[in-house]
Amino acid sequence: MAIEKPKLAMYWASSCGGCEISVLNIGERILVVDEVFDLVFFPCIADFKVNDVKGYPDAYIDLCLFNGAIRNSENEEMARLLRQKSKVLVAFGSCAHEGCIPALSNLTSKQAILETVYKDNPSTENPDGILPGLTEEVPEGILELPDFYNRVKTLDQVVAVDYTLPGCPPEPHQIWAVLQAVIAAFTDGTALPPPGAILGAGNKAVCEECPLAREEKKISRFYRPFEINPKPGKCLLDQGIVCMGPATRNGCNALCPVVGMGCRGCYGPMDGVEDQGAKMLSAAASVIDAGDPSMDEEELAQAIEDVVATLPDPAGTFYRFSMGHSLLGGVGIAASVKGDDP
Amino acid sequence: MNTRYEPVIVGFLCNWCSYRAADLAGMARIKYAPNMRAIRVMCSGRVDPQFVLKAFREGADGVMIAGCHPGACHYVEGNIKALRRVTLLRALLKQWGIEPERTRIVWASASEGSVLADAVNHMTEQLCALGPLKWKQNQCIGQPRPLPVEV
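So the protein lines, in turn, are chains H and U.
Following this note's numbering, the numbering of the first sequence begins with 877 at its first residue and continues without gaps.
Following this note's numbering, the numbering of the second sequence begins with 779 at its first residue and continues without gaps.
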């Protein structure tokens, strides 16, 4: 009888599907993955049902790559199910790690989101003002819908996570490096990294890998990417483009700054940082021109205020990927409706 | 029982000017609102925005950062760094619905005990008008980031 292969699963919760594409982007090496692993659940590329997973014994899946944030009760149910059925659960990509773009909605409430999407959008026609409910009676019986949560949670806020692979999406060369380490552990018995580790990334700032030259310049305004043609070879932050490089973990080879687009911050903060946005705020503030020393105190405050006013959305910019772990968490949700999140 | 709302102000005072201003206010027996909890830092530029966010998260109604006057910083321009950060931080906090008045920067030299006392009085009044923030009770806060693991 053939030796049983280790079992691999990959699941998407609240995500865009980019993580799956990134896994396939490891190229022909996907054949090695297929050779080593038995695929047991991977809705993006193979036809497995949730009931198949429910039928597996506990800890049946050796490696589960979980991408996507926890937006609704269905996401949470799947996270708990896959945790129960998996030996190693990996928070794969920025959504599972930090909440990513879906977690930006933590700056508003469930009610406001539903009102906008189902009532207030100019292209929406909903004269009866119907909002999605949890159950719906139809002739065939009662249909159930997942509960849309007030705030987006990261995977580690719902279940225990063994490893984290950051990035939006994780870079294929990093995915391959991690898969190789896992394959070695399953085939040669090499030790796996300690639980809780962040894999497939460095622990320095993106600036460490970035070839652009920093000159300690001061800026008189911030620019959005479409407002400026960056000078080649020069640090983007020096030119007034918000580049999250100083506050972001490296591992991507400074992919974005190299082509003139400020780092978005998708690899999350480095070890020891609690709040990536706060760290980036410090870095961005440090390039603001503080005017000249002859100014009196009010003029000075006004000069800085004027520069800050050119940055339209500081929260969305500095917390683009890390809202799920931000110190302040969600915004203004009254205690009375808070209770519906388990 | 006194049920008047007493706002909690966390004050980060710089070692060289504002903490001494607070000392002086005490020695001069200036009466001012007892709402500020003073934390001595070496420089107002030492105040990481994370400190401010944590103060709000843990129940502060307002945060005051006090340092030397511009041009008088013991470390040349730490206070200007603080001013740039606080200005940007106030814009950011507005998006969370935290009013700009809740984060304040004050310049008070070692001889200006009364300036610091007035600033605390003024901020206490402003916070009384705004009402309690009660961040933890009113918000859905996720669990904090797990501690880093050595690889």
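Incorrect hints may appear among the rest.
What the hints assert, rightly or not - Simulated coverage check for chain H against chain U, where a stretch passes if three residues somewhere in it have a Cβ under 8 Å from a Cβ of chain U:
{"no.": "1", "stretch": "1111–1121"}
{"no.": "2", "stretch": "1157–1165"}
{"no.": "3", "stretch": "1185–1195"}
Stated by the list, open to error - Just a sample of chain U residues kept apart from chain H, beta carbon distances all over 12 Å, derived:
{"no.": "4", "residue": "Met805"}
{"no.": "5", "residue": "Pro812"}
{"no.": "6", "residue": "Val825"}
{"no.": "7", "residue": "Asp826"}
{"no.": "8", "residue": "Gln828"}
{"no.": "9", "residue": "Arg835"}
{"no.": "10", "residue": "Ser892"}
FYI, nobody ran anything at the bench for these hints, they're computed from the structure.
Note that CB positions come from ideal geometry on N, CA and C, so glycine has one too.
Evaluation of the provided hints:
no.	hint	in the structure
1	1111–1121	violated (count 0)
2	1157–1165	holds (count 6)
3	1185–1195	holds (count 7)
4	Met805	holds, 26 Å
5	Pro812	holds, 27 Å
6	Val825	violated, 10 Å
7	Asp826	violated, 7 Å
8	Gln828	violated, 4 Å
9	Arg835	violated, 5 Å
10	Ser892	holds, 17 Å
Hints 1, 6, 7, 8, 9 from the list above are not met by this structure, while the remaining hints are.
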